[in-house]
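A.B. asks: Sequence:
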Amino acid sequence: MISNIMYKNDRLIRRYSESFKLKILDELTAGKLNKYQLGKAYGIAPTTINEWIRKYNRKDLMNTRVTVKTKDEITRIKQLQKEIEQLKKLLLKKDMEALIEDSYLEVAAEQLGYKSVLELKKKLSIKP
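According to the numbering used here, the stretch in the sequence shown is residues 1 to 128, in order.
Keep in mind the hints are simulated off the structure, nothing from the lab. Treat the hints with care, as some may be off.
[What the hints assert, rightly or not] DSSO-like cross-link-like pairs, simulated, lysine-lysine; straight-line CA separation at most 27 Å:
#1 Lys78 with Lys93
#2 Lys55 with Lys71
#3 Lys55 with Lys32
Since we're looking at a predicted model, the values are computed, not measured.
Build out the structure end to end from the sequences listed, making use of the hints.
C.D. replies: Quick look at the structure:
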């Protein structure tokens, strides 16, 4: 099981053999015990087992998140995504309109002899 036991600063450091690590991964693959159960049975932290999974590139043993959605949820998500796109387009249009309005005001201020758009807005009682 353990190929080497060392102490560092009065702390036990365990070194596991390659064959032991692979045995744990094989047991995990068999599916009788999960990482937490294996860790408890062998005195190994589940995070250590995760390190071995990464080391041996066993992505099939990593936790995977499966999201199950009803048709209503999928429909609602699609509706919300469509609404988000519409709102983005509307926001872009409003930004463009504001930019155009600012440009008109700059030209008007210059042609009417005002020093700035702010001065023109004050004269016309437009909130800056």
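A.B. asks: Against the earlier hints, flag every one the structure doesn't satisfy and list their numbers going up.
C.D. replies: When the structure is compared with the hints, only number 2 turns out to be violated.
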